[in-house]
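**Student:** Given next are the chains, with one letter for each unit.
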Amino acid sequence: MLEIRDLHANAGGKEILRGINLSVRPGEVHAIMGPNGSGKSTLANVLAGREAVEVTRGEVLYRGRNLLALSPEERAWEGIFLAFQYPVEIPGVSTLYLLKAGVNAIRKHRGEPEFDAIEFMALVKEKLKLVEMDPAFLNRSVNEGFSGGEKKRNEILQMAVLDPALAILDETDSGLDIDALRVVANGVNALRDGRRSMLVITHYQRLLNYIVPDKVHVLSQGRIALSGDRTLALDLEKKGYAWVENHDGGDRATAP
Amino acid sequence: MAGGNKAIRERIDQDYKWGFVTDVEAESVPRGLSEDIVRLISAKKNEPEFMLQWRLKAYRHWTTMTEPTWQNVRYPKIDYQDIVYYSAPRGMDKPKSLDEVDPEIRKTYEKLGIPLEEQKILAGVAVDAVFDSVSVATSYKGKLKELGIIFCSFSEAVQEHPGLVQKYLGSVVPHTDNFFAALNAAVFSDGSFVYIPKGVRCPMELSTYFRINAADTGQFERTLIVADDKAYVSYLEGCTAPKRDNNQLHAAVVELVALEDAQIKYSTVQNWYPGDKQGKGGIFNFVTKRGKCAGARSKISWTQVETGSAITWKYPSCILQGDDTIGEFYSVALTNNYQQADTGTKMIHIGKNSKSTIISKGISAGHGQNTYRGMVKVLKGARGARNYSQCDSLLIGDKCGAHTFPYIEVKNSTARLEHEASTSKIGDDQLFYCRQRGLTQEDAVNLIVNGFCKEVFRELPMEFAVEAQKLLGVSLEGSVG
Numbered sequence: 000m001l002e003i004r005d006l007h008a009n010a011g012g013k014e015i016l017r018g019i020n021l022s023v024r025p026g027e028v029h030a031i032m033g034p035n036g037s038g039k040s041t042l043a044n045v046l047a048g049r050e051a052v053e054v055t056r057g058e059v060l061y062r063g064r065n066l067l068a069l070s071p072e073e074r075a076w077e078g079i080f081l082a083f084q085y086p087v088e089i090p091g092v093s094t095l096y097l098l099k100a101g102v103n104a105i106r107k108h109r110g111e112p113e114f115d116a117i118e119f120m121a122l123v124k125e126k127l128k129l130v131e132m133d134p135a136f137l138n139r140s141v142n143e144g145f146s147g148g149e150k151k152r153n154e155i156l157q158m159a160v161l162d163p164a165l166a167i168l169d170e171t172d173s174g175l176d177i178d179a180l181r182v183v184a185n186g187v188n189a190l191r192d193g194r195r196s197m198l199v200i201t202h203y204q205r206l207l208n209y210i211v212p213d214k215v216h217v218l219s220q221g222r223i224a225l226s227g228d229r230t231l232a233l234d235l236e237k238k239g240y241a242w243v244e245n246h247d248g249g250d251r252a253t254a255p
Numbered sequence: 000m001a002g003g004n005k006a007i008r009e010r011i012d013q014d015y016k017w018g019f020v021t022d023v024e025a026e027s028v029p030r031g032l033s034e035d036i037v038r039l040i041s042a043k044k045n046e047p048e049f050m051l052q053w054r055l056k057a058y059r060h061w062t063t064m065t066e067p068t069w070q071n072v073r074y075p076k077i078d079y080q081d082i083v084y085y086s087a088p089r090g091m092d093k094p095k096s097l098d099e100v101d102p103e104i105r106k107t108y109e110k111l112g113i114p115l116e117e118q119k120i121l122a123g124v125a126v127d128a129v130f131d132s133v134s135v136a137t138s139y140k141g142k143l144k145e146l147g148i149i150f151c152s153f154s155e156a157v158q159e160h161p162g163l164v165q166k167y168l169g170s171v172v173p174h175t176d177n178f179f180a181a182l183n184a185a186v187f188s189d190g191s192f193v194y195i196p197k198g199v200r201c202p203m204e205l206s207t208y209f210r211i212n213a214a215d216t217g218q219f220e221r222t223l224i225v226a227d228d229k230a231y232v233s234y235l236e237g238c239t240a241p242k243r244d245n246n247q248l249h250a251a252v253v254e255l256v257a258l259e260d261a262q263i264k265y266s267t268v269q270n271w272y273p274g275d276k277q278g279k280g281g282i283f284n285f286v287t288k289r290g291k292c293a294g295a296r297s298k299i300s301w302t303q304v305e306t307g308s309a310i311t312w313k314y315p316s317c318i319l320q321g322d323d324t325i326g327e328f329y330s331v332a333l334t335n336n337y338q339q340a341d342t343g344t345k346m347i348h349i350g351k352n353s354k355s356t357i358i359s360k361g362i363s364a365g366h367g368q369n370t371y372r373g374m375v376k377v378l379k380g381a382r383g384a385r386n387y388s389q390c391d392s393l394l395i396g397d398k399c400g401a402h403t404f405p406y407i408e409v410k411n412s413t414a415r416l417e418h419e420a421s422t423s424k425i426g427d428d429q430l431f432y433c434r435q436r437g438l439t440q441e442d443a444v445n446l447i448v449n450g451f452c453k454e455v456f457r458e459l460p461m462e463f464a465v466e467a468q469k470l471l472g473v474s475l476e477g478s479v480g
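Protein chains in written order, with numbering that gives the first Met the number 0: chain R, 0 to 255; chain H, 0 to 480.
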């Protein structure tokens with residue numbers, strides 16, 4: 000599904016990613032953990048195609064194709080979804096309208112007929128249940144005046160409707176209380192169907208009590224310092240990120 | 000990215016598509032302005048004496064006036080002696096039926112999508128089309144006549160209904176009002192006239208379509224709409240002009256009169272040629288629009304979508320004279336490339352409990368400069384007057400500008416006024432978010448801009464709202480990327 004090789008990338012004039020290697024197979028859920036500034040969000044942004052991040056070396060293959068040659072919307076059409084850490088507000092544009100435009104752009108790309116308003120409404124209403132959202136949300140402007148929890152649920156709703164092949168969740172748990180976390184995690188779990196792959200980016204192991212990953216990677220200073228199964232996340236919680244930094248001593252020496 | 004940029008560039012190259020010229024023989028008066036020209040125009044139109052006298056008064060007053068300089072726009076000096084003040088397609092002085100209209104002109108309107116022909120008229124829009132200086136054809140007149148509604152060209156109104164014209168002409172915008180209004184009063188060549196009799200609700204949208212065709216021609220049309228007691232009318236105005244390298248002057252006047260319990264809804268989609276990407280050419284649009292809520296409980300509502308013109312100078316206003324009257328102003332003004340707009344409104348509260356609402360949305364892209372200028376004035380007798388104003392600006396890119404000049408003058412302590420203003424920028428974050436959901440960059444810009452304008456668009460009649468959205472999309476092409 001996803002093959003990242005020796006990926007280097009700059010953001011804001013600084014080298015953030017310094018040689019990421021990662022392989023994700025269809026249906027797998029990988030957790031990416033790491034301290035602040037380790038490059039987690041930069042990795043998510045590179046995969047989704049944010050132009051402010053500049054790839055300087057390496058390659059990313061998605062379903063065998065060169066992902067980096069595609070625009071953000073082309074990636075969306077090909078089934079890549081990013082749940083944003085900070086979902087943006089779009090005044091005057093309803094969530095329903097944005098989502099319908101997105102879904103129909105993707106369907107058009109696939110050569111499928113576009114949904115009309117009635118078909119689309121039926122689809123969305125069903126997905127709303129996944130994230131326990133009130134249908135009234137759909138007619139409110141995208142994320143405008145939403146609480147932190149509502150914004151994150153809205154991201155998961157969009158993921159459910161857009162039905163991606165590869166979903167990247169960028170710190171979807173940050174800022175959530177325990178109830179909202181449960182709702183979001185249940186929504187994500189419902190979308191694990193053995194075919195969809197997911198990259199779950201998180202700072203805390205807490206989320207991984209709800210979304211149990213197949214693999215866990217720990218980022219440190221722009222590289223994957225450790226990989227393992229979910230027990231790695233538990234170890235990490237006990238020992239803290241400093242433990243990883245020590246593991247990664249050699250790399251730190253090369254840092255500028 | 001590579002694919003996206005190519006698509007954007009292709010769409011940038013898609014130009015102003017209403018820029019074609021129609022090849023018709025025109026009959027014009029000599030360049031320049033003098034008392035003789037004013038007399039000539041009046042004579043060509045076979046006007047009664049009161050019209051000629053009114054024009055001459057206006058002309059003499061105009062010669063004592065100077066062009067205003069307070070507006071926040073810059074443009075080369077206009078040589079008023081180098082303008083042709085009257086141009087009519089030859090043989091078109093008085094078309095009696097649609098068959099007499101030059102086929103070339105009818106083709107023009109077909110290209111513009113104006114329904115002139117009878118079967119298209121059944122779509123429900125009655126159209127008065129003004130081509131340069133002469134009204135070409137007014138559709139659906141018979142149907143309206145049954146209800147006692149008068150909808151015709153201004154010239155025809157002068158001939159057929161001189162009493163009404165004399166009573167209301169200049170009653171809202173006097174010939175002394177301002178430099179451009181005085182000029183218009185002296186030389187205006189045609190326009191539309193509407194009278195809705197007592198208690199009649201006009202069953203369809205009335206519409207005028209203006210088009211400047213001839214080179215070096217100014218267009219000076221004048222619209223007068225009178226809604227008698229308890230009458231209702233919704234009126235639409237659209238405009239285009241061919242692409243020309245030199246600037247053309249458009250100085251129109253619109254007067255609305257609403258008597259007791261009457262309602263007038265006036266909607267404009269202005270798409271005059273804005274000039275090219277370097278700011279060459281384009282229409283100078285200096286327009287005076289004002290409505291008077293003369294009778295108690297009357298209501299006037301202006302909705303404008305201004306996407307065209309090199310310079311826009313217009314302030315559709317309401318004089319809230321009667322008690323419990325309502326004035327509304329909903330505006331979207333977009334400036335791209337080197338366009339400049341200085342637009343807004345005046346709400347003059349005279350009557351008790353008069354209410355006004357101002358919603359202004361300014362969008363600047365490229366090197367565009369967008370100014371909101373508004374005045375809310377509450378006079379002594381206007382007990383309980385209320386105003387709500389909201390002025391929002393949206394910036395696309397970092398070379399454009401947005402400016403807001405709200406003036407407030409209150410002489411009655413019971414008045415309540417609210418003013419809100421905001422300036423925002425289309426952020427990379429918003430664009431990226433939409434693109435991540437599958438929208439192209441252009442679609443993302445359109446979506447965000449349309450969201451920004453929503454409060455205004457929902458005031459437009461349905462078909463107009465759709466047209467306005469599309470127009471905004473076309474006008475913004477290439478503004479990001």
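Hints in this document: simulated from the structure, not taken from any laboratory.
We put the CB at the ideal spot given by N, CA and C, even for glycine.
Where hints are given, some of them may not hold.
[Unchecked claim] Pairs of lysine to aspartate or glutamate residues, derived as EDC-like cross-links and limited to a Cα-Cα distance of at most 20 Å, are as follows:
id, chain 1, residue 1, chain 2, residue 2
1, H, Lys56, H, Asp35
2, R, Lys128, R, Asp162
3, R, Lys150, H, Glu408
4, H, Lys345, H, Glu408
5, H, Lys424, R, Glu27
6, R, Lys150, R, Glu131
7, H, Lys276, H, Asp428
8, H, Lys166, H, Asp228
9, R, Lys150, H, Asp78
10, H, Lys354, H, Glu441
11, R, Lys107, H, Asp228
12, H, Lys142, H, Asp81
13, H, Lys453, R, Glu88
14, H, Lys279, H, Asp81
15, H, Lys197, H, Asp275
16, H, Lys453, R, Glu143
17, R, Lys107, H, Glu458
18, R, Lys214, R, Glu88
19, H, Lys345, H, Glu458
20, R, Lys13, R, Glu27
21, H, Lys424, R, Asp228
22, H, Lys424, R, Glu131
[Unchecked claim] Counterexamples of contact, computed for chain H against chain R with all Cβ distances above 12 Å:
id, residue
23, Pro29
24, Leu39
25, Asn246
26, Arg296
27, Glu327
28, Gln429
29, Arg434
30, Gly450
31, Pro460
32, Leu470
**Student:** Now tell me, hint by hint, if it's right for this structure.
**Tutor:** Structure-based check of all given hints:
1. H:Lys56 <-> H:Asp35: Measuring from Cα to Cα gives roughly 13 Å; hence the hint holds.
2. R:Lys128 <-> R:Asp162: holds, 15 Å
3. R:Lys150 <-> H:Glu408: It is violated: about 43 Å lies between the C-alpha atoms, which goes past 20 Å.
4. H:Lys345 <-> H:Glu408: holds, 11 Å
5. H:Lys424 <-> R:Glu27: violated, 39 Å
6. R:Lys150 <-> R:Glu131: holds, 13 Å
7. H:Lys276 <-> H:Asp428: Roughly 27 Å between the alpha carbons, so the hint for Lys276 (chain H) and Asp428 (chain H) is violated.
8. H:Lys166 <-> H:Asp228: holds, 16 Å
9. R:Lys150 <-> H:Asp78: Violated, at about 58 Å.
10. H:Lys354 <-> H:Glu441: violated, 39 Å
11. R:Lys107 <-> H:Asp228: Since the Cα atoms of Lys107 (chain R) and Asp228 (chain H) sit roughly 53 Å apart, the hinted pair is violated (cutoff 20 Å).
12. H:Lys142 <-> H:Asp81: violated, 42 Å
13. H:Lys453 <-> R:Glu88: holds, 15 Å
14. H:Lys279 <-> H:Asp81: Between Lys279 (chain H) and Asp81 (chain H) the Cα gap is close to 18 Å, so the pair holds against 20 Å.
15. H:Lys197 <-> H:Asp275: Since the Cα atoms of Lys197 (chain H) and Asp275 (chain H) sit roughly 47 Å apart, the hinted pair is violated (cutoff 20 Å).
16. H:Lys453 <-> R:Glu143: holds, 15 Å
17. R:Lys107 <-> H:Glu458: Status violated; Cα separation ~32 Å.
18. R:Lys214 <-> R:Glu88: Outside the cut-off at roughly 33 Å; violated.
19. H:Lys345 <-> H:Glu458: holds, 19 Å
20. R:Lys13 <-> R:Glu27: The hint is violated at about 31 Å.
21. H:Lys424 <-> R:Asp228: Roughly 44 Å separates the two Cα atoms, so the pair is violated.
22. H:Lys424 <-> R:Glu131: With a Cα-Cα distance of about 33 Å, the restraint between Lys424 (chain H) and Glu131 (chain R) is violated, given a limit of 20 Å.
23. Pro29: Holds: least Cβ distance 51 Å, greater than 12 Å.
24. Leu39: holds, 51 Å
25. Asn246: Given that every Cβ of chain R is farther than 12 Å from that of Asn246 (chain H), nearest at about 34 Å, it holds.
26. Arg296: The assertion about Arg296 (chain H) holds, with a minimum of 32 Å to chain R.
27. Glu327: holds, 19 Å
28. Gln429: violated, 5 Å
29. Arg434: violated, 4 Å
30. Gly450: violated, 3 Å
31. Pro460: holds, 19 Å
32. Leu470: Correct as stated: the minimum Cβ-Cβ distance to chain R is 17 Å, above 12 Å.
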